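Could you put together the complete structure from these sequences and hints?
There are 2 protein chains.
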Amino acid sequence: MRNIIVAQSGGPTTAINASLSGVLSEGLKNCNKVFGALHGISGVLSENFIEFNNYSETISEFLGRLKISPACFLGSCRVKLPNHNEDLEIYKKLFKTFEKNEIDAFFYIGGNDSMDTISKLAAYGDSIGSPIRFVGVPKTVDNDLICTDHTPGFGSAAKFIATSMLEMAHDTAIYEVPHVTIVEIMGRNAGWLTAAAALARNEYNTLPQLIYLPEVPFDKKAFINDVKAELSKTNNVVIAVSEGIKDKDGNYIQNDTATQDKFGHTQLSGAGKALELLVIEELGLKCRSVELNIVQRCAAHISSKTDLDESENLGRMAVKFALEGESGIMPVLKRLSNNPYKCEIEFSKLSEIANKERLVPRKWITEKGNDVTDEMVQYLKPLIMGEIIINYRDGLPVYENIAHLY
Amino acid sequence: MRNIIVAQSGGPTTAINASLSGVLSEGLKNCNKVFGALHGISGVLSENFIEFNNYSETISEFLGRLKISPACFLGSCRVKLPNHNEDLEIYKKLFKTFEKNEIDAFFYIGGNDSMDTISKLAAYGDSIGSPIRFVGVPKTVDNDLICTDHTPGFGSAAKFIATSMLEMAHDTAIYEVPHVTIVEIMGRNAGWLTAAAALARNEYNTLPQLIYLPEVPFDKKAFINDVKAELSKTNNVVIAVSEGIKDKDGNYIQNDTATQDKFGHTQLSGAGKALELLVIEELGLKCRSVELNIVQRCAAHISSKTDLDESENLGRMAVKFALEGESGIMPVLKRLSNNPYKCEIEFSKLSEIANKERLVPRKWITEKGNDVTDEMVQYLKPLIMGEIIINYRDGLPVYENIAHLY
Chain A
25 MRNIIVAQSG GPTTAINASL SGVLSEGLKN CNKVFGALHG ISGVLSENFI
75 EFNNYSETIS EFLGRLKISP ACFLGSCRVK LPNHNEDLEI YKKLFKTFEK
125 NEIDAFFYIG GNDSMDTISK LAAYGDSIGS PIRFVGVPKT VDNDLICTDH
175 TPGFGSAAKF IATSMLEMAH DTAIYEVPHV TIVEIMGRNA GWLTAAAALA
225 RNEYNTLPQL IYLPEVPFDK KAFINDVKAE LSKTNNVVIA VSEGIKDKDG
275 NYIQNDTATQ DKFGHTQLSG AGKALELLVI EELGLKCRSV ELNIVQRCAA
325 HISSKTDLDE SENLGRMAVK FALEGESGIM PVLKRLSNNP YKCEIEFSKL
375 SEIANKERLV PRKWITEKGN DVTDEMVQYL KPLIMGEIII NYRDGLPVYE
425 NIAHLY
Chain B
25 MRNIIVAQSG GPTTAINASL SGVLSEGLKN CNKVFGALHG ISGVLSENFI
75 EFNNYSETIS EFLGRLKISP ACFLGSCRVK LPNHNEDLEI YKKLFKTFEK
125 NEIDAFFYIG GNDSMDTISK LAAYGDSIGS PIRFVGVPKT VDNDLICTDH
175 TPGFGSAAKF IATSMLEMAH DTAIYEVPHV TIVEIMGRNA GWLTAAAALA
225 RNEYNTLPQL IYLPEVPFDK KAFINDVKAE LSKTNNVVIA VSEGIKDKDG
275 NYIQNDTATQ DKFGHTQLSG AGKALELLVI EELGLKCRSV ELNIVQRCAA
325 HISSKTDLDE SENLGRMAVK FALEGESGIM PVLKRLSNNP YKCEIEFSKL
375 SEIANKERLV PRKWITEKGN DVTDEMVQYL KPLIMGEIII NYRDGLPVYE
425 NIAHLY
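Those protein sequences? They're chains A and B, same order as listed.
Heads up, the first sequence is in my numbering, so the first residue is 25 and it goes up one at a time.
Heads up, the second sequence is in my numbering, so the first residue is 25 and it goes up one at a time.
For the record, the hints were derived by calculation from the structure and aren't laboratory data.
All of these numbers come straight from a predicted model, not from anything done at the bench.
A couple of the hints might just be wrong.
Facing chain B, from chain A, some residues (calculated, C-beta under 10 Å) [as the list claims (entries may be wrong)]: (1) 101; (2) 179; (3) 228; (4) 409; (5) 424.
Covered, in the sense of this in silico footprint (three residues per stretch, anywhere, with C-beta under 8 Å from a C-beta of chain B), are these stretches of chain A [said to hold, decoys possible]: (6) 86-96; (7) 187-198; (8) 217-226; (9) 314-327; (10) 415-423.
To list a few chain B residues with every Cβ distance to chain A over 12 Å, as calculated [said to hold, decoys possible]: (11) 52; (12) 82; (13) 173; (14) 243; (15) 248; (16) 252; (17) 273; (18) 320; (19) 386; (20) 391; (21) 398.
Every residue gets a Cβ at the ideal spot worked out from N, C-alpha and C, and that includes glycine.
Structure representation (structure tokens):
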């Protein structure tokens, strides 16, 4: 291929730069020029490019450091591309930019919304007979893309969640007075991340005793009964709860008023806080809520090696598929076995993936809806395996310089 | 010495078990029996003991794992010992227990309240001519004990805070729209932990741009002006704020109603949330608040090696001082130099330490009260240095079994 462009879009994870590292290493081997567009599709429109061939002297060091760095080295955006029958001009402009820069392939690393963008570009390209290849590269902490066993970034966030949950199990075990700790975990519609709290259980730890995912309608009365039942067994009850739990009518369980972002996604806060207040009101005992917040998606110092290696390979394979002439596709992970864990990389059509959401199957949640099943634990376990090597300077992890984002 | 007892008290840190490990290793070398009382002074009263001589076969493995495990292996309590002229019976009972178990020294690992307890025991012992030695071992994430350069647990919490702050600096840098992130950090009266956020700054990162500690009265108008000034320079403003910031009249800046625990400490929540709502109201832009909560004090997987080594040595030295006949004392750290960092261990009298609080000196906070000085950074820097070696199993850190706390 002549030149290629890669960009990143959507919310950050600790693995999105590993995929970028994969695209770059394979791209630099096989193409003339490798451009990175800053801030997703916006950077393509404004031709705000970094040229990675300039990094050649120190490229292997750079790629290694990039692989373990959190968030998006190229910045991100939340621009949603209109359909080409709604706004043809933007498509014409993008393709003119591609042509001018002799671009043979465009790689977009992102989640649901980003796959919609790249899918639309591929479809438009097809309609005008363009030879440019459009390939999506998956990422999302939420693990909610379809056609793939799991998504880059999820395993690392799951590892941080399980580790913090284990550490909080130690922290909360020290007092003899009855108390409840509620840990709110990311997940608007899909409970995958919250389910990862179950991985903290081991030969001495049964915490969290209760896990509530958005896939099952949340009932406050049943919840209080669940908490009472646990308190009859122990003084220390820890509960993992998704930010997106809703009652049977679909109303979010929350303390604050929900606001909507421009994709129509509801910005949530306060499921944990709402339950904290409920427990205090109903049971009159000490209760604390902890929101893992953005820390859970950027804790790169404890990334899963499995996750970063897979993410890097997905980036490499995206380039390989493009070299083989594929377009309108996304490399996906197909699990071959759990023990030993083995995943291979195939690809799926973007048109099948975009704008769809993969929720936790009901059968992986217990009948009462307050825990996950062993099948879920077996699914999650391999994804947090392995530790990465981080260099520390002055006591802090050495990540890649992001001064160019300012 | 014949037998000794050790116990832990107060809020957990990731270094309190390192001090326990130090007491145990030195105690097992020099004493007949080493008892651990479960749940602090309550466990002494009820003779709820673990006998560590029983661990002898696997003691070195156990001590190594104990050193890196978060929270309190022996559990904790929040019992405040009354003065002996208020309740003589409790003292008589405690000394009878000591006598019955042939105890020559009692070691209490804890913070302000725990030093009050051990100080009272030492004073009572003196008054009845008891030969039993009473030695405190410092710990507190808050770094607010006097007579010591810093306290065990603080450096590890500071390392997690600085690391998370750096990771959040990456996470928040990716979008082009103006936004503000407020990170609420522990510290009721002392701003040491919040100051540690400044360590995240490096050759490419200036975040957090603003830092507010409880030592300086918080002014909402000045705060909004500070935020505006930063927003005129960049789209990404990150602010570190202590949970305990107060206005000039001493009222906490918070969203929720404050409640008091039985020591009269105010339980806070919501400084970050209150400022988030203030920014949205006053500036009308995207703002998020993140509360690091208990995660910051139990993130043992990223403990500071300097902190754990010092904590272990303080535990060892506590036993050595007792062997030398000292009582009513606490081993303390005295910093000899910053570069190279060097600290030695001396001891101070408990009567001088108990119930006092070491705040951040005003001169280590900038004149405007919205940042810390370079002197503060130089003080903090050595305390987060060094990484510990953690064993992982199934992708998670291997900590010491705490089943005996249930």
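Margin query: For a quick check of understanding: which of the numbered hints are violated here, in increasing order?
Written below: Hint 18 is the one this structure does not satisfy, whereas the remaining hints hold.
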